[in-house]
Structures are given as C-alpha cells and as structure tokens.
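Dock chain B against the given chain A, drawing on the hints supplied.
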Amino acid sequence: MSLSGVSLQKGCVESFTELKLKKAHKFIIYKLSDDLKEIVVDKAVSAGTYDEFLAELPVDQCRYAVYDFDYTLPDGERNKIVFYTWSPDDAKTRTKMVYSSSKDALRKALQGVAIEIQGTDLDEVAHDTVLERIRR
Amino acid sequence: MGTYGGDEVAALVLSVGHTWTQAGYGGEDTPKSIFPTSVGWVDLPAEADQGDDADNSEDTQMQDVSQSSPQHGADSNNIHKKDADGGDLNPQPVGAAPVPRKNKTTKRGKYYVGDGEISCWRPDMEIKSPIKDGLIEDWDALEQIWDHAFLKRLRCDPTEHPLIITESSWNTREIREKLTELAFEKYNFPAFFVAKDAVMTAFAAGRPHALVVDSGGDMTSVVPVYDGYVLRKGIMRQSLGGDVLSEQVLNQFQSNGIDVVPQYLVAKKSPVEVGQKPIVTLRDRPATPSFHKMMQMRVIHDYKESVCQVAESTYNEQNINSRPQKPFELPDGYNSNFGADRFKVPEIMFNPKDFLKNPTPEQENFVGLPKLIFNSAQSCDIDFRPTLFGSVVLTGGNTLFPGFADRLHWELNSIPHSYKVKLHAPGNTVERKCGSWLGGSIIASLGTFHQLWISRKEYDETGSSIVNKKCV
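Heads up: the sequence lines are chains A and B, in that order.
All residue numbers for the first sequence refer to numbering that gives the first Met the number 0, where the first residue is 0 and numbers rise by one.
All residue numbers for the second sequence refer to numbering that gives the first Met the number 0, where the first residue is 0 and numbers rise by one.
Over 12 Å on every C-beta distance to chain B, these chain A residues come out as not near it, computed from the model:
# : residue
1 : 12
2 : 44
3 : 47
4 : 67
5 : 126
Chain A residues, not near chain B, derived (Cβ > 10 Å throughout):
#  : residue
6  : 17
7  : 30
8  : 42
9  : 51
10 : 53
11 : 79
12 : 134
Derived coverage of chain B by chain A (criterion: at least 3 residues anywhere in the stretch with Cβ under 8 Å from a Cβ of chain A; other residues may be distant):
#  : region
13 : 200–213
14 : 385–395
15 : 427–441
16 : 444–453
Source of the hints: derived by calculation from the structure; they are not laboratory data.
The structure presented is a predicted model; accordingly, all values stated were derived computationally and were not measured.
We put the beta carbon where it would ideally sit given N, CA and C, even for glycine.
With the rest of the complex left out, here is chain B:
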C-alpha cells in the first residue's frame, strides 16, 4: 500500500463554508487567509458565443483571467483549461433570445473572488455563494475559490503539499468523490483527506463524544458525534442562521422608514443629530440586486456585531426596556440608539415562533435552538444521551452574540430532562469561528497522520471512490 510520507512539508488546510473560506497551513493555530466564499462575476452577453465576431469580447475576458493569475507556469494552463470546462458545463442553446440574468444558460465572464474584489462596485456584477445548505452547488465557482485560496492567497504550488479539507456532516458521496477528483486531477495534490467539520470541532474541544451546535450564516445544525463518528440519524438542521437574522434587521429598519444605504452608494455625508434624516449625496451606481443585497448585509453584519445582544434568561419586555441603549450609525450618516430592537433579533434563534416577523412557509416550521438540540439528542441511543448532553460544543459565528452561551445553557436546563448539561463555548473567537479548520490543521500536522492520507498512488489504483473508504 502506497502511503504518503512527506511529513516535512506542511499540509494545506481548507475549509469552505457558506459565508467564509478559511485557508492555511497545517500546524498553525489560525488560518493564513479568511475571505468571503461568495464570488462575483459578470455575465457575458447572451449572444457572445453564437456569432464569431462577438467571441472576441469573451477572449479578452479569458486572457484577463490568465494574466491576473500568479506566474506558476502550470497554473495558468490550469486556469485556461478550467475556463474551457466551465463553458462546456453551461452550453448555450442555439437561437436563445436575450436570456435574463441568473438564467443558467448565460455564460459567466471573469470571476471576482476575495474581499477586495467582490466588494468593489461593478455594474452588472452578480454575487453568489457556491455553497447551499452545507453542500456544494456551483462547482465552477468552487474552483474559483480553490484557485484563489491556493494561488493568490497562500501562493503555493499545489503539487508540493498534501491537502485536507473539511466537509459538512451530511455531505453526499457524489460530492466527496468529485472533490477528490478535483484535488488529484486538476490540482495534482500528492495526497488528500476529507474530514467532517463536526468531528474536527468536537476533537479540538477535547471531546470524542459531543453534540456539536454550529450556527453559521446560512444555517444552524446540531450534529451528535460519538467516538469520533457522526451519528447521522441524529443530525438536526434548519436554515435559520445569521442571514435570516440580518434579513429581519433590514426589515426592522425598513418598517421604521429607514433605508439601509450601503457604503458604495455614498459620495458625501454630513453629521446629523440622533434620529434625524441623513444629509447625504449619493453616487449613481446601478448594481445588480445580488450585489446591493450583499453590501446591505455587510452593514447589517456590523450592526449585529456592534449592538445586538441576547437576553440571559427568558425574554422579558420590561426588563429589556430597562437595559442600556446602544448607538449605531449607518453609512449614510443616519444614527440612532437601539434598545429593545437589539435584543429582539437574536431572540429569533431561541423563539422563532414569536420573534420571526413575516415568516415564509418554510420558516414557520423553525424551532428554537434549545429544542433543536434536545431533538437531536433524543433521536440518539438512550445510552449516549447523558454523554451528549454533558458535552454540548458551541461553534459558528452566529453564536458570538454576547449572552448567547449563557442563554443557551439556561434554556437547556429549563427543558425537563434528567441529564446534566455542560456547554463548551470557547471564549476565544478564533476558535469559535474556525473550530473545524483548527482541528484539521492540528491533525494534518501530526507525524502519525501520514498513514491516513489518500495518496496519489491509491487514487490512481482505486479511483475517487477511495475517499469513502479512507475518510469516514
């Protein structure tokens, strides 16, 4: 059996989440690079690949891509090849009339990846995250992220380092196999490994058995881990995460007659008194709805980080009204003090029935986080439950609201059951945001781990299905 023996070369560790991508070297305690997973692109005109003369514009776009990539000889070849592949995946039907944006049949032009690139205003730039519900949806965009992470951020040669990536616990066989193919066929990594993010988080918290509660931008999941294995039937998840909360904040603002104007539209602003109409000069910058939304969400994200808080015990309007207000200023200069509103939004995580305004039919079925955790533990074997309740591990950026962990602990103890609850919430924000990356980084740096990598040789002998044997 050919095992991979290059211990002296640091492994690359990559964790692509819905909102953030974390990339770095094994053995380090923080990712070298964290950038948004969302990618931007400008659709090429629909007729671009029908007429020969229209093709020119596309060619220049492609050249742009290869020129802006680093100068590794092999890499620009890869990019070229991939662009061609991307075209094959999205064939343009002959004779299609001008296709509306977002239609799958339009061809995407140059991609924009990374914080500086996607937050820069460009007319007609669409923004989208390739990950939905923890699964990879858009492989073209995912490759852009890998390219960006390895070539632009880490600036390394993929053929020299083994790669370990994290995946969601409900990832499918097809996706893992496709990821394996991508790693070996396109990037030529010498060795590869896929680890479950919940297991990595549980291990990094020192617990082979744990109930991993992960609340991110896109969704919230509870995953029981026992002996380092995910108990699949106990996985509970719902698409109630930071994005839903942001959406609600946006609605709160709008129902108060306040328009959230993102930074890219503001040309000049003057200071105004608290609660007054902003005095602002706007730029004429027409943008796509997806770009505008992302920029609005960034403002709201700041708002959530600066003022939102969770009530430590049951939400009590009177009690909340006596809490201090906190000031926040929007990019257009409007500023106000926020009282009860700053508590109401995170409260949705605990009590969606009462606090989620205008829910969609899907959102009406959301349950509070304590209930979700309880349901997850209850669907596991009765012998496991005391241990699982005894090690609830909290991770994900959406759990960083002040008071979140205290409240969750309080709620879990108020549900009637006979178990002793222990909640582990790392105080260190890096650990909370990058828990699974960190686990991957440590494990990849162990001298003994080399026997577990999927080596190039094994891949060549068995094919991509080897991933389901070696990475469980």
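Extracted from the complex, chain A is given alone in its bound form:
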C-alpha cells in the first residue's frame, strides 16, 4: 500500500491492459479523485502525437500518465511503455504531497512498464530526454 493509503479505482488497471495488449490507447492520464481518496482515469486517448500528450499535462496540477512510446532504431521499430509522475513545481504543496505519496499504489499495479519518468518541468518529459533514458 502507498504511504497515503490512497487506492485505485477499478478502471485504472483495465485501461492500462487495453493499452498494453490491444493497443486501444496511445496514452492514459490518471488523476486523483476530488476527495483525494482514489486514483481514477482522467483521459484515455486512442491516438495522438507526443506533443498532444504533453499538452494534456497541466502546468499547475499533478498527474500520472502512461504513454506507449514508439521509436526507430537502425534495425527496426521499437515500442516501450513509459510511466510518468507529473508534478510541476508550481503545483500546490498539498497536491504534490498526495500525488507523490500515492504513486506506488498505481505504479505497482501496472505490470509491463519499461521505464519511469519523474517530471517536474517540460524539459524532463521532452521526447528526446525520454528517448535517451530508454536507450541508455
């Protein structure tokens, strides 16, 4: 259990499985419910570029996200699932605290994530930064 005791709403893992197995989604954005008691799916988008994904990350709100990351190597296409903890410095301390202490609840439930990105500004979640982390 996460340190905050926050739990997952039912749909969270199902959406992720659809993304992983059926490629039904390109990315999923998760957030905490308004009463801060559980993590819910904010948006599951079936197609979208990386820039469209970044545009979904609010400037002063925290989020979790999963993105089905495609990239090309000389010997062919690759595909990895990336998990994001989005926590901009402009977000309220209370929000940051709840999101970071609840991350484990979601992260541990998602099987098959290749890498995990902790993002506090757009630089840290930029396409190139993530690509570099994947290929490291």
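What follows is chain B alone, placed relative to chain A:
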C-alpha cells in the same frame, strides 16, 4: 485488524530537530508552535537525595513543576510520575563527594523549556539539546519537550488526537520502539505514526525519487529517497552545520579582539562610531558556560542571518572584496562593516579544507557539500543516479544563506559527470525550514491515511515492535 478511524479529529504533528521543535495540527500549512529544542535545568545539590532534610528542597522543586503545568487532571499526574522515573534513571551513588556539574550522576531539578524560559538568565542553569547527530540521547529532556509541545503550546489532550512524528533516516530500531512506547504508555495517544523526515521532504516537493540535502544546526546530511523509501547505504552525513559556522564566526570576532557579549549581560550601552570600542555597562550575572554559549550563539545567528552570503561561483578574493560591505551591531553597541568575512564563513560548507580554521581531527575529514552529494548519489545503483541528480531537494535552515542554492547548482554542474542536475530549493522559507513537518501535516490530514496509523489496539496486541512493521 483494528484500524484507527477518527478522521474528524486533527492529528498532532511533531518534528523534533537538533535546534528547533515544530509542533502543530495536521492539515495546516505551518506549525502552530516552533521553539528551541534545547532545554535548561538547574542541577540539584549533589547531597540532595542522601540526607532526609535535604530532600525538602527537591520536593518544592517538584511541586513547582506540577503547579506550572496546565490544569488537565491527568496531565499533572503524568508529570509527577515522570519526575519520579527521571530520578530512577539517574541514581545517585551513595557517598559520592560533591559531583561536578554535567556529571550524569547529579540530579536535575526543574526543567525549563521554550524560548522565553531558556533564554531567561538564571544562575547555574545548564542548557543542552537532547538530540545529537539526529538521534535522541536524553530521554528525560525529550519528554520535557513533548510535555511542553502538547500541554503548554498546543494545549490539547493527547488522548484525543493521533500523533505523527518525524525521525531522521538513520534512526535506530530501539529509539523508534521507545518513542512508540512513550506515545502509547505515557501520553495515551489513540494512534501513532513515525515518518522519515527525508521522505516527507521529498514528497512535499512532489518527488517520490529525490536526493534530499538537509543542512541544519547540528549536521548536514544527504539522503537518497527512491520510490518513497530511503536508500540507507547512500546516506552521507557529517557534523558540519550551522553551529560549526557560528563557532567560526565567534573565532573570527575573537581573533579581531572583539568579545561577543550577549544581551543578558548588557545593562546599558551608548552609541559608538564604527569600529570603536563599545561603551557599555555590564551586569554581574554569573552563568554556566552552556548558557553563555547559547546566548552568544544567538547573537551570531543574527549575524549570519543579517550579513552572511555565499559567493555565487568559485570564491575569488578580489571579486569578493569589491562586493558591498554590510553593517552589523553587537548587543554591546560595537558595530562594524563586514566585507570578505561575511563570505568566508558560509564558504566552509563548500570548501571546508581551505576555510575551516583550526579544525579538530574530526573536522579535518569534512568534505564540501557538492562532494557529499556526489558521493551519496554514486553509492546508489547506477540506474537510479540520473533520477537522483535530476531531483536534488534542498532543506534546512542552514541552506537559507543568500546565494546558497545558486552556488550549489553551479558546483554540482562543475563536477564531471554525465547527469543533468536539477536543484529544487523552495523559495518559501517556511517550506525550507519546516519541509518535513509540512509533509507530515499533509499526509496525516488525508482521509485515506487512517488505515496506516498504528492504533492503540494493534499496539496492545503486538507491542512496540509494531512500529518497525507499519512505519517503514
């Protein structure tokens, strides 16, 4: 499993550091009360518990304690009980000759806790902080702090609120268990939780992974936090903190022939020109060395806050000499303008080898803060390092020198490595000073947190070792 379900009652949040104690209610964004952790006491005469007639003086002292406590019926009982316990802990050897002060065998009389109490001059009052190197050393004094925080400052009934406290990342099992016992046995809290201060600071900064750099009065530590867990082997710490810097300022003054006379000794002073000998009438107030030192340190603390600054890049004497001087006046009226000296002291944090004067053998091994951070990250798994370097979180009062964060960022980027460094230093001083308290406050106020408390029932079933299972 019995869980604690009283969400509607605010939790108490307590963070006892070496220098400051912060106490308040969960859900609030600043502690209700911040007071010095150091406590004062007057040793009872050594023969006090040998002869029957001498016992009288001790009794009156004890009555003082219980009378000055708030009127909760149960509380004064507690205090009485504790005083008796305290006596048992420090048995007086029979036939001991007059024991010198500070000797453990002397009995302590009434305790003085809180800013107003300990800074008030009393002959023979000793001053000491019960925390050393982040660990609790003096349980008697610690209980005084808990008493003071709950009964005198927050004025609450401990049996009605759950309690969450913060601990240092290298705290021992024994200490946590003892704290748990204290909370349940003596204060009768209905529920209890211990959180690691570095984790709380990292979370409050929005980072489940972080390298938490905490520089306080007593020491400076770097603690890697990953996924909300402390990586113990990466913890780096050294006892280079604000107190060492203050000591150096004091030496600076003394080597310039200036005696730092604290407020309590000054009866009357007249204004003097810059750099002139002070014209001052002193009071005849004999005090213990520990009290005198604390009062001197307060003056130096003001000095550090008012004039000290960190050079933004490498220390360069020429460059520094061209920076504006800043004036400062000591309590006895001596005043001067400070130039290079005000940069030299905080520089010790970055370059102790060159700037720490007359180091003790222990101090000779100090390394600069950038090196300490680097060593900490390097002792963690190689996969973690990019993330850790990418979220260095700065906390602690000693990091509040102007220019500190800029300089640290600059230094971390000058060490050769391939990582991108991001330094998070909250601009808000409350957040920087009370980062871990704030984290504890938020987490304790969450409706979902109630399942994590150690409840009274669980404690009764398992005993104090439950703390090592529930609070990791």
